[in-house]
Structure formats: structure tokens, C-alpha cells
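Novice: Take a look at the letters that make up each chain.
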Amino acid sequence: MKIKNDTDILAAIVQASNCYATRPAMVLDDQTYSYQDLFGLAGSICETLSNIKEDIIGITAENRMETYASILAVLLSGKTYVMLHPDYPTERNHQIAKQSGIGLLLYCGENGNIVPADISTRCVSLLSHRPSPYSIIIPYDIDPDVPAYIIFTSGSTGEPKGVPISRKNLNAFYKAYRTLGWELDENDRMLQMFELTFDVSVVSFLYPLTLGACVYTVPQKGMKYLNVLDVMERHRLTFAAIAPSVLRLSHPYFREISFPDLRYLIVTAEATDVNLLEEFRSCIPNAIVINLYGPTEATIYCTSYVIPPEGAKHHNGMAAIGKPFQGMDYMIVSPSGKQLPAGETGELWIAGPQLMRGYWGAPEKTAECFVTDPSGKLYYRTGDLCQADTDGDIIYCGRKDSQVKIQGFRIELGEIEYHVKAFYKHSCNAVVLPVYTTDGSCELHLAIEKEIEDTENLEQYMQSHLPSYMLPKRIHFIPCFPQNNSNKIDRYRLLKYITQ
Amino acid sequence: METTELLEILNGIFRKVLKRDDITLTEGTTAHDVNGWDSLTNMILISEIENKFGIRFSFREIVKLKNVGDLCHTIKNKIK
Numbered sequence: 056m057k058i059k060n061d062t063d064i065l066a067a068i069v070q071a072s073n074c075y076a077t078r079p080a081m082v083l084d085d086q087t088y089s090y091q092d093l094f095g096l097a098g099s100i101c102e103t104l105s106n107i108k109e110d111i112i113g114i115t116a117e118n119r120m121e122t123y124a125s126i127l128a129v130l131l132s133g134k135t136y137v138m139l140h141p142d143y144p145t146e147r148n149h150q151i152a153k154q155s156g157i158g159l160l161l162y163c164g165e166n167g168n169i170v171p172a173d174i175s176t177r178c179v180s181l182l183s184h185r186p187s188p189y190s191i192i193i194p195y196d197i198d199p200d201v202p203a204y205i206i207f208t209s210g211s212t213g214e215p216k217g218v219p220i221s222r223k224n225l226n227a228f229y230k231a232y233r234t235l236g237w238e239l240d241e242n243d244r245m246l247q248m249f250e251l252t253f254d255v256s257v258v259s260f261l262y263p264l265t266l267g268a269c270v271y272t273v274p275q276k277g278m279k280y281l282n283v284l285d286v287m288e289r290h291r292l293t294f295a296a297i298a299p300s301v302l303r304l305s306h307p308y309f310r311e312i313s314f315p316d317l318r319y320l321i322v323t324a325e326a327t328d329v330n331l332l333e334e335f336r337s338c339i340p341n342a343i344v345i346n347l348y349g350p351t352e353a354t355i356y357c358t359s360y361v362i363p364p365e366g367a368k369h370h371n372g373m374a375a376i377g378k379p380f381q382g383m384d385y386m387i388v389s390p391s392g393k394q395l396p397a398g399e400t401g402e403l404w405i406a407g408p409q410l411m412r413g414y415w416g417a418p419e420k421t422a423e424c425f426v427t428d429p430s431g432k433l434y435y436r437t438g439d440l441c442q443a444d445t446d447g448d449i450i451y452c453g454r455k456d457s458q459v460k461i462q463g464f465r466i467e468l469g470e471i472e473y474h475v476k477a478f479y480k481h482s483c484n485a486v487v488l489p490v491y492t493t494d495g496s497c498e499l500h501l502a503i504e505k506e507i508e509d510t511e512n513l514e515q516y517m518q519s520h521l522p523s524y525m526l527p528k529r530i531h532f533i534p535c536f537p538q539n540n541s542n543k544i545d546r547y548r549l550l551k552y553i554t555q
Numbered sequence: 008m009e010t011t012e013l014l015e016i017l018n019g020i021f022r023k024v025l026k027r028d029d030i031t032l033t034e035g036t037t038a039h040d041v042n043g044w045d046s047l048t049n050m051i052l053i054s055e056i057e058n059k060f061g062i063r064f065s066f067r068e069i070v071k072l073k074n075v076g077d078l079c080h081t082i083k084n085k086i087k
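Keeping their order, the protein sequence lines are chains P and G.
The numbering used here puts the last residue of the first sequence at 555; the count rises by one with no breaks.
The numbering used here puts the last residue of the second sequence at 87; the count rises by one with no breaks.
I should point out that these hints are in silico values taken from the structure, not numbers from a laboratory.
It cannot be assumed that every hint is accurate.
Quick look at which bits of chain P chain G covers, simulated, 3 or more residues with Cβ under 8 Å [said to hold, decoys possible]:
id: 1; segment: 270-279
id: 2; segment: 525-536
On the chain G side, residues computed to face chain P include the following (Cβ under 8 Å) [to be verified]:
id: 3; residue: A38
id: 4; residue: M50
id: 5; residue: I69
In silico BS3-like links for lysine-lysine, alpha-carbon gap of 27 Å or less [stated by the list, open to error]:
id: 6; chain 1: P; residue 1: K276; chain 2: G; residue 2: K85
id: 7; chain 1: P; residue 1: K368; chain 2: P; residue 2: K378
id: 8; chain 1: G; residue 1: K26; chain 2: P; residue 2: K276
id: 9; chain 1: G; residue 1: K85; chain 2: P; residue 2: K551
Ideal placement from N, C-alpha and C gives every residue a C-beta, glycine not left out.
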């Protein structure tokens, strides 16, 4: 059976690796590795993996060529990879290793052996691995239902949930993603800034390899956002997918930085502030900016919106997420499960071949998140509040749990946040958190990412822009908000901080 | 200004921003050695240092800083 490159991401990668063997595949800490280097090592790791029975392979997330070669090797061997992170608390790595049942851990650095002692897993250091003579490896007979990877997302209960993404899911994603209209080829230089425990890293690493292009990772030493900008500028990257936090943090330097070679800027991982983006435009005069949205459960991204320089669609300053990927379908649904017409806000449900089939070993969690419609179509409930406009673009309105009721009024926390940010001329971030008192009533607390200052003017401004039931009971100034591993604001830790 | 004097001032800024009294910087100290010195707090630290000395770092200068010694050196050059 012949595998087609336009429907199979691994086949496309193998073909590119043969075609562009001597060209650079990765630049890591300023060291360049060719396709031959990367796939030679992957081939040697494949040999190690072919001798073992275990199918779930743990990999320690390190910024090393060996780590990336391990990912390729696991995929090419028809097995499943699970990332563990040296910066995670031991308890979390323990939960992930145990829940996923990893049979072997591949690691490299001296701190890479992070499987807790009470889990009997073989650990293999790749430091002494030598590349095998470069050979073509085409994965022929891999079961499409076998997960390519399992990513653990934080559950609101504190117990991580395993999201298995099958090869079928990954290929459905690839098929849709490559038809978004990119003009990219083997000469492109593309950023990979995301932690390997977060799924945007999968496309940031794998997609360039299907083109014969070069992947640039971000040094772990020092400050990440500075390193991202530094790599983008020094290596004149042409494609970058970034988290909006990079923009927020680099705001003081907008006048000094410039990326004239950048042709695509992807903003993803959390809502993008259109005002901040507008200010950043002068740094990226030749780039198309695209908002890509998607829950991990629907394989990386499943909607896209090209954010125009003028007249960007938004809700409370958060950029629209646009139209579904080819093959994906959606509904906006009322709390009672009824489909809503354009213009009305409800929960976004998505369906299609990119959807995982269920959480790893957690049928009760799966049942909570999936719904089957009368025609038998399976929908995933994203927990995101959206509305569709008359053009069919989806407008993101915030998380479902960011909607609270106070004195019977339904309040969208994003709206309050929007006005606070507008007061500060979008120079700092603001988060409104509902705090439930012992009698069950809800108080709004406002956290502003800023040094402490007088609030009189802010309070007056809010009073003139918001109804009284939307005014926060307390205001906290926090110089910097905690972030989680995916570069998103960690609301849970923020809440703990302000209520302690 | 002597480096020791400068380090004392920086200790004060770091202790205040990172809310920890046990920080004692040396020229060899890197972000890796100080709990809580990350991308987010770095932004606050830089802006506190800029205000304290009435100076401004450029993006390129900040990227080049590898340790506290580099930071001292850059500050000294600016307040000369």
C-alpha cells in the first residue's frame, strides 16, 4: 500500500528527510543539525525501541536534539509518546507516568531521569547513542487508532487528564492544516517556542519537517520571552507561532525590535488582545497574522482567523477565532443543549475527525465532555463561550466558567477586564476572579498586573462604564501574574494568592 | 560606584520584587540561581532598576545579560 504524503504526516516527513538530507533541520542553542543528523539519531533510537514490547514511551522534555529525535523515533516505531517535564513537581510526573503506564523513559541530560523511584520503568539515557548510518524509514503498517501521543492537561480537579491523539487524528489535522494556504517551503525558518508538554509544540516541530524547512527552538537558559524575540530577530525567522504573553512581556521594546523577514505570525494558546497586536504590527510589516484556536482534545488547532490590520473582529478586545478547519463542524449551544442562531452566545461544541475518542482510562470524564446529537454525530463540549456572526466567523467570548451570576445578573468577567485594560491604555493585564464566600454568594476580585498604586481614578472610570453589580469588591495589584506551563495565566494560583 | 555598593542596591531591589529576604547576589549569580527570577519578574526587576538609576536598557542590552556581573557592568557604563 502506498502512503500519500498529503494525507500522512510521517510519510511526508520521511520523504522530506530524504530529499533534503544535508539541509538544516533544526537549530538548537545556536547549533545546527541536518536532516541526516536528526534522522540518523532517530533511526538509532528506533532500533532500541524495536527490541522492547512496551508501547507507551516516556520522554523527558529537554531542549536537545536527542529529545526531538526521540519523538520522531517513537512515532516512526508505531508507539505512543508521553512527555514528562523536569520542571514539573515530582507528584505531577508521578501521576502522569502512572496514569499513562509508560514502559520506558528516554532522557538525555543529567537531570533527565525523572521517573519516580516507585514506578518500575526502564530508563535509557541517550547521551551515548550514536547515529546509525542514515537510512530511510517508512512507517507502513501502523494501526491508525494507536495514539501518536498522550498529552496531559490540567483538570480543574487537580488530577491531570490524559488526551490520547491517534495517528488518524493527527493526519486529519495535518490534512486540514496544510490546506490553510501557507506559502512555505524548504527555505523557511520556523519557530518552536512551546514546552513539549503542550500540544502546539507538536505542529511547531513536525510541520516544518514535512517541508524540508528548519526548526528553531528557544534556549531554556535565561528569560524565555527575550530568547524568543532574540531567536526570531537574529535568525530572521519567517514563521512564528507564539503565545500572546510574549507580546505582552515584550511591549516595552516594540520600538526597538523588528522582524521584516517574518511572513506569518500565529497567535495561539490564549486569547489575543487586538489592541496589543495592533501596536505590534509595526514590528512585523510583512507578516500575515493568524489566530489559531483549538482544545487539545481536537488535535492542536481546529479553527483559524486571519486577523486583518484594520477592522479585526473581536469581543471585549479578544480576537475572533474564525472558521472551522476543513472536515470539522461546530454548533453554538444554549445551556439546555439547544443549537443557537448567529449572534447568540453559547458554548462551542465541535465535531469531526480531529476529535480524540476519549480521555485515557477515564470513561466518566469522557462522558462529561462528549455529547451525541440525534444523527449520531459526536461533539466535544469545549467549555468556551462563543457566538457566530453572519459571515460564519466564530467570535470567542471567554471561558464558560468565567461567566458568573451576581444578584441574578449574568456577568462576563471578560467585559470588566476589558474596561480595566482600556483604563490603563492596554499597558497591563487584568483578571477578574469570582470569590465565593462561605454563605455561597459571589464577590468579584480584580487583579491587575502592576505595581501597587492609587485606585481612585480607576474606580471612577469603572463606575462610569459598568453597572454597579459588575464593580469589583476588591482590587489587588500583583507585579506579575503566575503562568502555567503552557504560558497561560494561571487563574487558579492567582485566586489562591489573593484569597490567602 | 563600586561593584559592592551596586550589589547592595540590587539586593534591595531583588528582595523587594521577589518578596524574599534571603537573596544575596554576586557577580556570578544567574536567573537559574534565584528562586522566582523568571520571565515575568525579570520585567519588573528591569523596570525597578531603570527607575532607581534613572537609566533605560535597550532590548539588545537586556538580551546580552548573562549574569548579575553583566548587569552591574551595564549599569556602571550608563551612570558614568
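Novice: So, for every hint listed, does it hold in this structure?
Specialist: Hint check results:
For the segment 270-279 of chain P, the stated coverage by chain G is satisfied: 4 residues place a CB nearer than 8 Å to a CB of that chain, which reaches the threshold of 3. Counting residues of the segment 525-536 of chain P whose CB falls under 8 Å from any CB of chain G gives 3; the rule of at least 3 is met. Taking 8 Å as the C-beta contact cut-off toward chain P, the hint placing A38(G) at the interface holds, the least distance being around 6 Å. Nearest Cβ of chain P to the Cβ of M50(G): about 6 Å, under the 8 Å cut. The hint holds.
Because the closest C-beta pair between I69(G) and chain P is about 6 Å apart, less than 8 Å, the hint holds. About 26 Å separates the Cα atoms of K276(P) and K85(G), which keeps this hinted pair within 27 Å; it holds. Taking the CA atoms of K368(P) and K378(P), the gap is about 12 Å. The hint holds against a cut of 27 Å. Between the alpha carbons of K26(G) and K276(P) the distance comes to roughly 23 Å, so the proposed pair stays at or under 27 Å and holds.
For the hint pairing K85(G) with K551(P), the CA-to-CA distance comes to about 40 Å; that exceeds 27 Å, so the pair is violated.
Hint violations for this structure: number 9 only, all remaining hints satisfied.
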